[in-house]
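There are 2 protein chains.
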Amino acid sequence: MTGSLVIAGLGPGAEGMVTPEVSEALDGATDVIGYIPYVSRIPPRHGLRLHPSDNRVELDRARHALELAAKGNRAVVVSSGDPGVFAMASAVFEAVESGPAPWRDLDIRVLPGITAMLAAAAAAGAPLGHDFCAINLSDNLKPFDLVLRRVHLALEADFAMAFYNPRSASRPHQFASVLDLLKARAESGRLMIFARAVSTPLQEIHVVPLREARAEMADMRTVVILGSSATRQVGRFVYTPRRA
Amino acid sequence: MTGSLVIAGLGPGAEGMVTPEVSEALDGATDVIGYIPYVSRIPPRHGLRLHPSDNRVELDRARHALELAAKGNRAVVVSSGDPGVFAMASAVFEAVESGPAPWRDLDIRVLPGITAMLAAAAAAGAPLGHDFCAINLSDNLKPFDLVLRRVHLALEADFAMAFYNPRSASRPHQFASVLDLLKARAESGRLMIFARAVSTPLQEIHVVPLREARAEMADMRTVVILGSSATRQVGRFVYTPRRA
Numbered sequence: 001m002t003g004s005l006v007i008a009g010l011g012p013g014a015e016g017m018v019t020p021e022v023s024e025a026l027d028g029a030t031d032v033i034g035y036i037p038y039v040s041r042i043p044p045r046h047g048l049r050l051h052p053s054d055n056r057v058e059l060d061r062a063r064h065a066l067e068l069a070a071k072g073n074r075a076v077v078v079s080s081g082d083p084g085v086f087a088m089a090s091a092v093f094e095a096v097e098s099g100p101a102p103w104r105d106l107d108i109r110v111l112p113g114i115t116a117m118l119a120a121a122a123a124a125g126a127p128l129g130h131d132f133c134a135i136n137l138s139d140n141l142k143p144f145d146l147v148l149r150r151v152h153l154a155l156e157a158d159f160a161m162a163f164y165n166p167r168s169a170s171r172p173h174q175f176a177s178v179l180d181l182l183k184a185r186a187e188s189g190r191l192m193i194f195a196r197a198v199s200t201p202l203q204e205i206h207v208v209p210l211r212e213a214r215a216e217m218a219d220m221r222t223v224v225i226l227g228s229s230a231t232r233q234v235g236r237f238v239y240t241p242r243r244a
Numbered sequence: 001m002t003g004s005l006v007i008a009g010l011g012p013g014a015e016g017m018v019t020p021e022v023s024e025a026l027d028g029a030t031d032v033i034g035y036i037p038y039v040s041r042i043p044p045r046h047g048l049r050l051h052p053s054d055n056r057v058e059l060d061r062a063r064h065a066l067e068l069a070a071k072g073n074r075a076v077v078v079s080s081g082d083p084g085v086f087a088m089a090s091a092v093f094e095a096v097e098s099g100p101a102p103w104r105d106l107d108i109r110v111l112p113g114i115t116a117m118l119a120a121a122a123a124a125g126a127p128l129g130h131d132f133c134a135i136n137l138s139d140n141l142k143p144f145d146l147v148l149r150r151v152h153l154a155l156e157a158d159f160a161m162a163f164y165n166p167r168s169a170s171r172p173h174q175f176a177s178v179l180d181l182l183k184a185r186a187e188s189g190r191l192m193i194f195a196r197a198v199s200t201p202l203q204e205i206h207v208v209p210l211r212e213a214r215a216e217m218a219d220m221r222t223v224v225i226l227g228s229s230a231t232r233q234v235g236r237f238v239y240t241p242r243r244a
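Heads up: the protein sequence lines correspond to chains A and B, in order. So for the first sequence, full-length UniProt numbering puts the first residue at 1; every next one is plus one. So for the second sequence, full-length UniProt numbering puts the first residue at 1; every next one is plus one.
A few of these clues could be false.
[Unchecked claim] Lysine-lysine pairs mimicking DSBU-like chemistry, simulated, CA-CA at most 30 Å apart: (1) A:Lys-142 with A:Lys-183; (2) B:Lys-183 with A:Lys-183; (3) B:Lys-183 with B:Lys-142; (4) B:Lys-183 with A:Lys-142.
[What the hints assert, rightly or not] From the structure, some residues in chain B lie toward chain A, with a derived Cβ separation under 7 Å: (5) Gly-16; (6) Ala-134; (7) Ser-138; (8) Lys-142.
[As the list claims (entries may be wrong)] Quick list of the computed label-pair ranges, beta carbon to beta carbon: (9) A:Pro-44 with B:Pro-43: 32 to 40 Å; (10) B:Ala-101 with A:Phe-144: 28 to 36 Å; (11) B:Arg-243 with A:Ser-177: 14 to 22 Å; (12) B:Glu-15 with A:Pro-43: 40 to 48 Å; (13) B:Lys-183 with A:Pro-44: 20 to 28 Å.
Read the hints as simulated data drawn from the structure, not as lab findings. Just so it is clear, the structure is predicted and the values come from calculations on it, not from any experiment. Note that the Cβ used here is the ideal one computed from N, Cα and C, for glycine as well.
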């Protein structure tokens, strides 16, 4: 049997946002590997081994999946959202690069998914309707100065911005620093969206002007969107016009 | 009957990338409105009226869809990719803002889709695996100087970049200007991906170092991704490490 490795995006939570090609890959898998809450979304069945693992062991998880594929298994690594956006795809390619040479010839495919910022944007209207950027606020893997530098330049460029991993128990202060920077440099009425548990029954969408934004409004399950200078509200919707 | 308006993303082309919630909305629609090639993806059926329209009439199309919803129809506006990324969602909210007051109370929902850059990134590996931005290179609705300014600042921030609408018959020169800027400011070996007709049978993915990129490599159906300074190749894959 020829093994394969699929890195699949489960979307932000709703089953209605899981693409058919991802469902098909899961139906054909012998092994599903991933962070515990994502693997728990996969229904058990005969012939399928589930391999849930803890957070922050992305490289170990990637190597395990590559070993299974090299043995001839049909392994699927699951990510929430899109696996190519602050998720498992880069970790798998890092593991390929540092691993045995034959791993480079494995049948590896990435299946995209609905990433959190796009589901959050859709729930709010169309705040990413013109030029925008996506920034991971976690400094687990990069200096926080680089985060602040990117936010500063993104303001100069007048991008709308999506912030992933804004805040966690182990990193309570960074998002507050980002908010300080934004408040010092952007108009106080700039629209900000806090989108929590997007597309799940626990979804909460809060829209506030920048001056009212507080760090405590974000947690691990929140994606934060900051509008550009042109982003506006019409009725209950937030959108960025196409001329921005 | 209460009308509704859904703005739905069909993804980049493959039926396997159309989300179940979008398929469900289409199954329940009385009217499907959109640009000709996107409406042509919807199979005709009894009770469904198809309203294909030409390019560059986005506001007229949005108003038409809102009128149908206001009359009590179940209208679905289709976009390729994600409707919130350089597509129809912003046009609909612009039409709501300039339209009759009751339009603000209509049942309007945006359903996200797999946008071209994420499908292109998945096909190539994970080039958007760390902080990135998305820039629409068309100057139909904004001054081209603003495009160049954003590209310049995005280089300063060392974002990976996705360029939408890089080049069309009516705008042959802008992408060449962007390439000139990139070649003057970024390393000549920076990786660039030209992804055409992503996820369709005509898909072509070309990876070249920046010094070999030429404007003619892009057309209307191409999304272009420029790596950050950290983006690299392993085997046939291009990816950006998580530490970038």
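**OP:** Hints the structure violates: just list their numbers, smallest first.
**Re:** 2, 7, 10, 12, 13
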